[in-house]
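Novice: If you use the numbering used here, the sequence shown corresponds to residues 9 to 283, in order.
Do not take every clue at face value.
[Stated by the list, open to error] Here are the simulated DMTMM-like cross-link-like pairs (lysine to aspartate or glutamate), alpha carbons at most 20 Å apart as the crow flies:
1) K86 with D241
2) K101 with D124
3) K160 with E91
4) K85 with D241
5) K101 with D172
6) K101 with D261
[To be verified] Derived Cβ-Cβ restraints for the label pairs, each shown as a range:
7) N125 with I155: 14 to 20 Å
8) R223 with G128: 14 to 20 Å
9) G251 with E175: 15 to 21 Å
10) D261 with P82: 29 to 35 Å
11) K86 with G215: 36 to 42 Å
12) D255 with I155: 36 to 42 Å
13) D275 with S208: 22 to 28 Å
14) G215 with G76: 31 to 37 Å
15) M79 with Y113: 27 to 33 Å
16) A171 with E83: 30 to 36 Å
17) D249 with T196: 34 to 40 Å
18) D249 with R157: 40 to 46 Å
19) G114 with T174: 38 to 44 Å
No wet-lab data here; the hints were simulated from the structure. Think of the CB as a built atom: it goes at the ideal place given N, C-alpha and C, for glycine as much as any other residue.
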Amino acid sequence: MKNKLSGLHNILWAIGILAVGLALLVGLVVSMSARHEGERISGTMTLGEGIQREKRGSASELDAAPAGELMALPEVKKVALDEVLTTTFLCDKTLLGLRSYVETYGDGAVASIWTDNGSGFYAAKGAESQIVFVDGSLVTPANAAMITRPRKVVFYIGSDGLADTTEQDFINGYVGLINSIREASPNTILICCSIASISSNYQGSDGLTPELVARANAWIRQVCIQTGVWYADLASLLNDDNGYLSDAYLMPDGRSIAAAGIAIVVDYFRFHGIS
9 MKNKLSGLHN ILWAIGILAV GLALLVGLVV SMSARHEGER ISGTMTLGEG IQREKRGSAS
69 ELDAAPAGEL MALPEVKKVA LDEVLTTTFL CDKTLLGLRS YVETYGDGAV ASIWTDNGSG
129 FYAAKGAESQ IVFVDGSLVT PANAAMITRP RKVVFYIGSD GLADTTEQDF INGYVGLINS
189 IREASPNTIL ICCSIASISS NYQGSDGLTP ELVARANAWI RQVCIQTGVW YADLASLLND
249 DNGYLSDAYL MPDGRSIAAA GIAIVVDYFR FHGIS
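Please model the entire structure based on the sequences and the hints provided.
Specialist: Next up, the structure:
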C-alpha cells in the first residue's frame with residue numbers, strides 16, 4: 009500500500025512539474041508574441057510611407073529642405089509655329105508685341121493673350137489681379153481659365169510695381185495666382201518665364217533697375233520650385249552681357265520688347281516645350 013501511495017505521489021509530482029513547465033512555456037510564448045505585435049504595430053507603415061520617411065526624415069528636416077528642383081523647359085524637336093501661337097500668354101504690357109506678331113505671321117492662328125487693362129499686372133496681387141477677357145469684361149485669370157480650359161498658360165509677369173514689392177509678397181502673390189489657375193483648370197500646363205531687363209538709359213518713373221529685375225527673376229525661380237511648374241529662361245536670351253535689355257530687342261519706352269525680341273521668344277518656344 010505504501011509503495012502504491014509513493015508511486016501515485018511521484019506521478020502527481022511529475023504531472024505538477026509538467027504543468028508548471030507548460031505554463032511557463034505558454035507565458036513565454038504569449039510574452040514574446042505580445043512584444044512582437046507591439047513593435048510591429050508601432051512601426052507599421054505602407055511601402056509608400058516607408059519611402060516617404062526615408063526621404064523626408066523628421067519634420068524639422070523637412071521644413072529646412074528645398075521644396076524641389078527647378079524644372080527647366082526641355083528642348084524638343086522644332087514644332088509648327090501654330091503650336092506656339094495658339095498658346096495662352098498671361099503677360100504684362102512689355103510682351104504685348106506678341107499680338108502684332110500673331111497678326112503678321114499667325115496665318116489664322118489666334119493667340120490668347122491675357123493682360124490687364126493698362127493699370128498694370130502686379131505679381132504680388134496674384135489671384136486677385138484682373139485681365140481683359142475676350143468679351144471686354146474684367147475677370148481673374150482663374151475665371152478665364154475655368155471658362156476656356158487652355159492647354160498651356162505661359163506667365164510673363166513681374167516687372168509691374170516691382171520697386172514697391174517685397175520678396176515675400178511677390179512670391180506669395182505669384183504662388184497664389186498659379187494655384188488659383190490650377191484649381192480652375194487642373195489639366196493646364198503652366199510655364200513661368202524669367203523677365204527681360206530694361207534699357208541702359210531707362211527713364212521710367214516706376215523705379216525699375218537691372219538689379220531689381222534680376223532679383224525678381226530669382227524669386228520667379230523660387231516660385232517655380234515651390235509650385236513645381238515649368239521654367240523658361242527668356243531673360244538670358246533678351247538681355248545683353250551687362251544685364252540690360254538688348255538694344256536690338258528694345259522698344260522706345262525702354263522696357264517693352266520689340267518685334268525682333270518677340271521673334272526670339274516665339275522661336276524659343278518652338279524648340280522648348282512640354283505636352
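Novice: Determine for every hint whether it applies to the structure shown.
Specialist: Against the structure, the hints:
1. A hinted pair counts as satisfied when its Cα atoms are at most 20 Å apart, and K86 with D241 qualifies at roughly 18 Å.
2. Proposed proximity of K101 and D124 is supported: the alpha carbons are some 8 Å apart, at most 20 Å.
3. Taking the CA atoms of K160 and E91, the gap is about 10 Å. The hint holds against a cut of 20 Å.
4. Between the alpha carbons of K85 and D241 the distance comes to roughly 18 Å, so the proposed pair stays at or under 20 Å and holds.
5. Taken as a hint, the K101 and D172 pair is honoured in the structure, with Cα atoms around 18 Å apart against an allowance of 20 Å.
6. Of the supplied pair hints, the one linking K101 and D261 holds, its CA atoms being roughly 11 Å apart against a limit of 20 Å.
7. Hint check: N125 to I155, Cβ distance near 18 Å, so the stated range 14 to 20 Å holds.
8. For the pair R223 and G128, the beta carbons lie near 18 Å from each other, so the given range of 14 to 20 Å is met.
9. Our hint of 15 to 21 Å for G251 and E175 holds, since their Cβ atoms are close to 19 Å apart.
10. Here the CB-CB span from D261 to P82 is close to 33 Å, well matched to the stated 29 to 35 Å.
11. Roughly 40 Å separates the CB atoms of K86 and G215, a value that falls within the hinted 36 to 42 Å.
12. Judged by the Cβ atoms, the range 36 to 42 Å given for D255 and I155 holds: they are separated by roughly 40 Å.
13. About 25 Å separates the C-beta atoms of D275 and S208, a value consistent with the hinted range of 22 to 28 Å.
14. Restraint check, G215 to G76: a C-beta distance of roughly 32 Å satisfies the suggested window 31 to 37 Å.
15. Checked against the given bound of 27 to 33 Å, the beta carbons of M79 and Y113, roughly 29 Å apart, stay inside it.
16. Hint check: A171 to E83, Cβ distance near 35 Å, so the stated range 30 to 36 Å holds.
17. Separation of D249 from T196 is about 36 Å and conforms to the stated range, judged on CB atoms against 34 to 40 Å.
18. The hinted range of 40 to 46 Å is satisfied by D249 and R157, whose Cβ atoms lie roughly 41 Å apart.
19. Range check, G114 to T174: Cβ separation about 39 Å, and the 38 to 44 Å hint holds.
Hint check: no violations occur; every hint is consistent with the structure.
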